[in-house]
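Visitor: Assemble chain B onto chain A, guided by the hints.
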Amino acid sequence: MTQRDVAKILNARFMDASQDFDREAVNFCGADMMSEALAFSHENTTLLTGLCNPQVIRTAEMLDVHALVFVRGKTPTPEMLEMAKEKDIVVMCTDETMYNACGKIYHAIHEGE
Amino acid sequence: MAGPIVLTYDVQDGEFQHVGEASSSVKKELRMLGVSPEALRRISVALYEGEVNMVIHAHGGKITVEITPEEVRMILDDVGPGIPDVEKAMQAGWSTAPEEIRNLGFGAGMGLPNMKANTDIMEIDTRVGEGTKITMTVKL
Chain A
1 MTQRDVAKIL NARFMDASQD FDREAVNFCG ADMMSEALAF SHENTTLLTG LCNPQVIRTA
61 EMLDVHALVF VRGKTPTPEM LEMAKEKDIV VMCTDETMYN ACGKIYHAIH EGE
Chain B
114 MAGPIVLTYD VQDGEFQHVG EASSSVKKEL RMLGVSPEAL RRISVALYEG EVNMVIHAHG
174 GKITVEITPE EVRMILDDVG PGIPDVEKAM QAGWSTAPEE IRNLGFGAGM GLPNMKANTD
234 IMEIDTRVGE GTKITMTVKL
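Protein chains in written order, with the numbering used here: chain A, 1 to 113; chain B, 114 to 253.
Just chain A, with the same shape it has in the complex:
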């Protein structure tokens, strides 16, 4: 599954057209508390979150998160997008709730099992 596939599943829009959307999405983590993301995330992770502040980008950087999905219609500021671009973190936004977004991705990964 690529980041482009993730965006399609979540009806999400990419926030910076210059980024690489064909990168593989391997692991997923859904968290509104960055403390939880720091405790439980794995390498090569796409992080779904409804929290929207610059510390989300910093946390993603520390964890080597490859992509951020802002759920519940949250939109990062230009400052956050600039930070994410510097750290090569793909950013997308969806109106889906956390529950629905995680469920859709889980279903897409495990469909047919």
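Note that these hints are calculated values from the structure, not bench results. Hints may contain errors.
[As the list claims (entries may be wrong)] 20 Å max Cα-Cα, derived DMTMM-like pairs, lysine to aspartate or glutamate:
1) A:Lys104 to A:Asp88
2) B:Lys246 to B:Glu236
3) A:Lys85 to B:Glu134
4) A:Lys104 to A:Asp16
5) B:Lys201 to A:Glu36
6) A:Lys74 to A:Asp95
7) A:Lys8 to A:Glu36
8) B:Lys141 to B:Glu151
9) A:Lys87 to B:Glu134
10) B:Lys141 to B:Glu184
11) A:Lys87 to B:Glu151
12) B:Lys141 to A:Asp22
13) B:Lys141 to A:Asp64
14) A:Lys104 to A:Asp64
15) B:Lys246 to B:Asp233
16) B:Lys141 to A:Glu36
17) B:Lys252 to B:Glu236
18) B:Lys141 to A:Asp32
19) B:Lys141 to A:Glu86
20) B:Lys229 to A:Glu36
21) B:Lys229 to A:Glu43
22) A:Lys87 to B:Glu142
Guide: The following block gives chain B in isolation, referenced to the frame of chain A:
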């Protein structure tokens, strides 16, 4: 024989929106030195958690990172209020963080346990009313 590479940073009080700049700088330096991705991630998470704690609880402090081919040693030194009960503070979920910090996505009580989980050695030297010094080591 060359000694360790030493990096030092001052962490300012009240700068929560910008916290993590020291950790980010250390990560960049270690990546250039060729530290493995796995060790780099552990060091980054532990140091970032420590830096966040410094701002949330201790009103800033000083971070020193000593790098040798064998290990990375991180020393976080503050003159904050100290930790009254270290055993309790090490319990996952226990936190004294104020509401505004929780609204920013931190203060879930995972910081110290997470620092310990990502390091090989962690020592806490704390005195109530004087400050806290945390030393963490990650073997390379």
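Visitor: Each hint needs a verdict: does it hold in this structure or not?
Guide: Now for the hints, and whether the structure bears them out:
1. With a C-alpha separation of about 25 Å, the suggested pairing of Lys104 of chain A with Asp88 of chain A is violated against the 20 Å cut-off.
2. A C-alpha spacing of about 8 Å is found between Lys246 of chain B and Glu236 of chain B, which places the hinted pair at or below 20 Å, so the restraint holds.
3. Distance hint between Lys85 of chain A and Glu134 of chain B is fulfilled; the C-alpha atoms sit about 16 Å from each other, no more than 20 Å.
4. Restraint check: the Cα-Cα separation between Lys104 of chain A and Asp16 of chain A comes to about 23 Å, which exceeds 20 Å; the hinted pair is violated.
5. A distance of roughly 19 Å separates the Cα atoms of Lys201 of chain B and Glu36 of chain A; the hinted pair therefore holds under the 20 Å criterion.
6. Distance check on the hinted pair: Lys74 of chain A and Asp95 of chain A sit about 8 Å apart at the alpha-carbon level, within 20 Å; holds.
7. A hinted pair counts as satisfied when its Cα atoms are at most 20 Å apart, and Lys8 of chain A with Glu36 of chain A does not qualify at roughly 26 Å.
8. Distance hint between Lys141 of chain B and Glu151 of chain B is fulfilled; the C-alpha atoms sit about 14 Å from each other, no more than 20 Å.
9. In summary, the hint linking Lys87 of chain A to Glu134 of chain B is supported, as the alpha carbons are separated by about 13 Å, within the 20 Å threshold.
10. Restraint check for Lys141 of chain B and Glu184 of chain B: satisfied, since their Cα atoms lie roughly 16 Å apart, inside the 20 Å limit.
11. At roughly 18 Å between alpha-carbon atoms, Lys87 of chain A and Glu151 of chain B fall within 20 Å of each other, so this suggested pair holds.
12. With a CA separation close to 25 Å, the supplied pair Lys141 of chain B and Asp22 of chain A exceeds the 20 Å bound.
13. Restraint check: the Cα-Cα separation between Lys141 of chain B and Asp64 of chain A comes to about 12 Å, which is no more than 20 Å; the hinted pair holds.
14. The hinted pair formed by Lys104 of chain A and Asp64 of chain A fails the criterion: a straight-line CA distance of about 23 Å is larger than 20 Å.
15. Simply put, Lys246 of chain B and Asp233 of chain B have alpha-carbon atoms about 17 Å apart, close enough for the 20 Å limit, and the pair holds.
16. Proximity of Lys141 of chain B to Glu36 of chain A is assessed by CA-CA distance (about 24 Å); at most 20 Å being required, the pair is judged violated.
17. Between Lys252 of chain B and Glu236 of chain B the CA atoms are separated by roughly 15 Å; this keeps the pair inside 20 Å, and the hint holds.
18. Annotation: proposed proximity of Lys141 of chain B to Asp32 of chain A is violated, straight-line Cα distance about 26 Å (limit 20 Å).
19. Between Lys141 of chain B and Glu86 of chain A, the direct Cα distance comes to roughly 12 Å. Compliance with the 20 Å bound is thereby established for this hinted pair.
20. Only pairs whose Cα atoms come within 20 Å are accepted, and Lys229 of chain B paired with Glu36 of chain A is accepted, the gap being roughly 15 Å.
21. As the CA atoms of Lys229 of chain B and Glu43 of chain A are separated by approximately 19 Å, the hinted pair is consistent with the 20 Å bound.
22. Between Lys87 of chain A and Glu142 of chain B the alpha-carbon distance is near 14 Å, which keeps this suggested pair within the 20 Å criterion.
Hint check: violations occur at hints 1, 4, 7, 12, 14, 16, 18; the rest are consistent with the structure.
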